[in-house]
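S.K.: Chain residues, written in single-letter form:
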Amino acid sequence: MIEARGLVKTYYDGEREIRPLNGTDFVCSAGEFVLIVGRSGSGKTTLLNVIGGLTRPTTGSVQVVGKDILALSDAECAALRSRNIGFVFQFPGLLSTLSARENVALSGEIAGTTGKHASNERASNLLARVGLGEKADSPPSHLSGGELKRTAIARALMNHPSLLLADEPTADLDVDTEREVMELFREINREGTTIIMVTHNMDIASYASRVVRMEKGKLVPVELVK
Amino acid sequence: MFGLIARSIIHRPVRNGALILAFAFIAASLFSSHYLLAGASDSVKSEIAKLGADIIVVPQDYTADSEAVLLRGEPSTFFFNDSVVPLIRNVSGVQQVEPQIFIATLSASCCSLPVQLIAIDPTQDFTITPWLEANQQKPLGQDEVIVGNKIVPRVGSNLTFYGHTFRIVGKLDPTGTGLDTSIFLRTADAYTMAEESNKTAVKPLVLPKGVASAVLVQVNDAAETTNVSYRIVEQVPGTRVLTSSALVSTVSDQLAGITQILDLSALVATLISLPLIALISLMVVNERRREIGVLRALGATRAMIFRLILGESVIIAAIGGILGIASSWIILILFQGYIAEVTRIPLSMPVISSLGYISALTLIVTVAVGGLAALYPAVRSALIEPYEAIRSGEL
Numbered sequence: 001m002i003e004a005r006g007l008v009k010t011y012y013d014g015e016r017e018i019r020p021l022n023g024t025d026f027v028c029s030a031g032e033f034v035l036i037v038g039r040s041g042s043g044k045t046t047l048l049n050v051i052g053g054l055t056r057p058t059t060g061s062v063q064v065v066g067k068d069i070l071a072l073s074d075a076e077c078a079a080l081r082s083r084n085i086g087f088v089f090q091f092p093g094l095l096s097t098l099s100a101r102e103n104v105a106l107s108g109e110i111a112g113t114t115g116k117h118a119s120n121e122r123a124s125n126l127l128a129r130v131g132l133g134e135k136a137d138s139p140p141s142h143l144s145g146g147e148l149k150r151t152a153i154a155r156a157l158m159n160h161p162s163l164l165l166a167d168e169p170t171a172d173l174d175v176d177t178e179r180e181v182m183e184l185f186r187e188i189n190r191e192g193t194t195i196i197m198v199t200h201n202m203d204i205a206s207y208a209s210r211v212v213r214m215e216k217g218k219l220v221p222v223e224l225v226k
Numbered sequence: 001m002f003g004l005i006a007r008s009i010i011h012r013p014v015r016n017g018a019l020i021l022a023f024a025f026i027a028a029s030l031f032s033s034h035y036l037l038a039g040a041s042d043s044v045k046s047e048i049a050k051l052g053a054d055i056i057v058v059p060q061d062y063t064a065d066s067e068a069v070l071l072r073g074e075p076s077t078f079f080f081n082d083s084v085v086p087l088i089r090n091v092s093g094v095q096q097v098e099p100q101i102f103i104a105t106l107s108a109s110c111c112s113l114p115v116q117l118i119a120i121d122p123t124q125d126f127t128i129t130p131w132l133e134a135n136q137q138k139p140l141g142q143d144e145v146i147v148g149n150k151i152v153p154r155v156g157s158n159l160t161f162y163g164h165t166f167r168i169v170g171k172l173d174p175t176g177t178g179l180d181t182s183i184f185l186r187t188a189d190a191y192t193m194a195e196e197s198n199k200t201a202v203k204p205l206v207l208p209k210g211v212a213s214a215v216l217v218q219v220n221d222a223a224e225t226t227n228v229s230y231r232i233v234e235q236v237p238g239t240r241v242l243t244s245s246a247l248v249s250t251v252s253d254q255l256a257g258i259t260q261i262l263d264l265s266a267l268v269a270t271l272i273s274l275p276l277i278a279l280i281s282l283m284v285v286n287e288r289r290r291e292i293g294v295l296r297a298l299g300a301t302r303a304m305i306f307r308l309i310l311g312e313s314v315i316i317a318a319i320g321g322i323l324g325i326a327s328s329w330i331i332l333i334l335f336q337g338y339i340a341e342v343t344r345i346p347l348s349m350p351v352i353s354s355l356g357y358i359s360a361l362t363l364i365v366t367v368a369v370g371g372l373a374a375l376y377p378a379v380r381s382a383l384i385e386p387y388e389a390i391r392s393g394e395l
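If you read the protein sequences in the order shown, they are chains A and W. With the numbering used here applied, the first sequence corresponds to residues 1 to 226, in that order. With the numbering used here applied, the second sequence corresponds to residues 1 to 395, in that order.
Okay, chain W solo, but in the shape it has when bound:
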């Protein structure tokens, strides 16, 4: 029976090719929408994981700036008093804290645009130090920096910020997030740079003592991240917490416009295609009345005829679905950087499990549309009286 279906599909290349394209469009729209959401979500989760933090505490008035730094690497300078650090450390469930200072550069020699400097204290750091250890490197020394993957100069070359020269000692792996355009340096060097900037920089860097831009928090194993987040906001005034789920939600909101357009395209394509495909299937059934009659005379049951017509549509839909998924996947990979730039969201290829889930879901929906469209024609063809079918139609 499968051979008969396959031959029938091949035998009508133009019409079935058009149907395959229609299904491919539906699948591509659906797949792209969910791919972008999953890609952005996985990218954010990956960044938080790379930072080694369960929670990021930021100044209440600079929540949007903090998200911009973390998600898109948009340089920004903001602080709150580091007196919050011991308060956060004392919150029940907190295991470890790490204050970081965010400094936006002026124009940097490395890059066409200003970059984000992130000052860390190597004695408290759990972001860069584990990475250095994993790569068998010494702790970050005086005037040394680790750069994100998109920072152009190579390891071993120098960079100058606010008139202070640093040497690049390492380059992070790509993350598809703001980390890629960030540069990590020691807090002590950041203060030295600020002091020197009065003499050496066009515009001095104002960096008050005793400040932090963000406090990275690791939660102990027994505590719930959500509960600890609530306690921090309650017990430490002037703070706001960013968790991976909150950042994912922010990214999803940013993506909503695009994903809604894609979902709407899939819906419109389905609504337009469904009756068209049903009509085409019905035409096919009418054209093949005599063939159906002959098959019935040869002993095919109504159920066999039903499966034959439905199977043809389902296979066409599956081919279209696979083509749509494959082509949109290739396009999304090729234009990933461009899409991330235009949409201003972190974007990476979703993890394999997400990708498998999205592909399977898209394929199931596409095949279901194909099955639904052919349901009535299949029932009708199964109910054709063999004698009537043989008398009419062409083979």
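Extracted from the complex, chain A is given alone in its bound form:
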């Protein structure tokens, strides 16, 4: 599913060189639920964005669903993101001008694979699945933190992605809502979607099939005590 080798990402803060990825290797098979943990600024979000094609590494190679994403054009990379990868960010990332349903359907419209009516129907079904069927017409400002996260997850699933990338999806959530959201992720994973989740919350490690830690720009495996 994913094979990243020798990833280096360098940028500068003034004259200070920052290297969040420093020869990172990462391999993930289809159907895995991988948790990437690490301290803030350790480079875990950068790795997630490199895998998602949202930023390019300084050096290294990345294969995602069999495609060398560094060799893809902007349009090809956008199409890959649209059809194969779902994103859930730390912030909900919903457009305030659209309703929950329209936010979810937007992914379908951008992908252009389905008509508007079909997109809206699938969006409604997805919102019902995440328990927000009755709030489909509500704008994001009328949704709670947990509801916003669940809407964002529904949006990420809109185009039947084989890979779901989630960046701190349980940040700012209370314990009950965190559990609801993680149960949802586990359910999605059990249906066959590969999930890579970045977090610094080890309490959710039990949901993952594998945990790795980002340290000094490299990944090290973490043994889980069941």
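It is worth saying that the hints were derived from the structure and are not from the lab. Computed from a prediction, not measured in an experiment: that's the story for all the values here. Treat the hints loosely; a few may be bogus.
[Unchecked claim] Reference listing, derived: stretches of chain A covered by chain W, where coverage requires no fewer than 3 residues with Cβ under 8 Å from a Cβ of chain W:
1) 10-21
2) 68-79
3) 93-104
4) 109-118
All residues carry an ideal CB built from backbone N, CA and C; glycine is no exception.
Position chain W relative to chain A; hints supplied.
M.R.: For chain W alone, coordinates are given in the frame of chain A:
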């Protein structure tokens, strides 16, 4: 994508409302300028067409007076010897001629100001006679007059000029030109009126025998109006010709001051608005960096983001353009009479084709300004790295 643009415009009503007003001002200035020019031009062409003449021959020394009579209906009395009539008739390409005599009245009972009397010979006339025939009326009889649309008294009532009483037998349709304040009578009655004026009028009318003020010329189908005009001026001394294009040019010159101010307003508004709109668009892009990042993560291409930002500005410009055109059109129609009076030019609503052309041109220019202003912000937003965009900004 259109829905997203529409929602985004509605979501920021104050800022986008201000932008729409700016575009409306640009459109209104441009539209008004071209509307006035087209309205005046079409009005002149309509008058010449109504007179049934291709060329109007006037005394060389009274060109300005002739234009004043025809364009604004300013009463004037001037003549040249009617010996020019057969000379004009003999010019190659001339099909038909009609001499007319212009007489300014003193104060008339019909109107607060003196009016223009135009004496015609019904046997040679091709101006009023076709109109009478079209309206199933008898030829103009003794002491009968046809009046322009702005002459107040009704058909059937009497008017007195130089002590001579005439009966109104018809009223012309409005033209927006000097014809509206003119009164047509028979040449024979004009001479009778002049003779009687020695006894009946405060100031007698001096109307020498064998004169004409203007000779209306119809050109035959095979001849070019311009060529015939040149030949008349060459072969008939002491004459000047007025054609519809010459009169349009005169009117355009008269309007130049106003249209230049309007064009300048549009230009200044564009020059001021362009960087302001660009700056506002750039601010919008900065505000929406995270939104752009999210859209990119969802699979939007650079081209989609470019179209989103550019499309928003173009739609705002189009709304402003339509509002500007509609509002200025309404104002121009409501104040058409006042504008014509102040500018002293004939003015009517331009014909539909002119109106369509002016509206389309104004809209295209306004939308182009909107597109131009948003070009740099749109390019910049398309080039934003999705990861950087997501990390910064607010949604």
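S.K.: Confirm or reject each hint.
M.R.: Hints, one by one, checked against the model:
Only when three residues or more bring their CB closer than 8 Å to a CB of chain W does the claim for the segment 10-21 of chain A stand; here the count is 0, and the claim is violated. Residue count for the segment 68-79 of chain A with a Cβ under 8 Å from a Cβ of chain W: 4. That meets the three needed, and the coverage hint holds. Beta-carbon proximity to chain W at under 8 Å applies to 7 residues in the segment 93-104 of chain A; the threshold of 3 is reached and the given coverage holds. With a cut-off of 8 Å between beta carbons, the segment 109-118 of chain A has 3 residues touching chain W; three or more are needed, and the interface restraint holds.
Comparing the model with each numbered hint stated earlier shows that hint 1 is the single one that does not hold.
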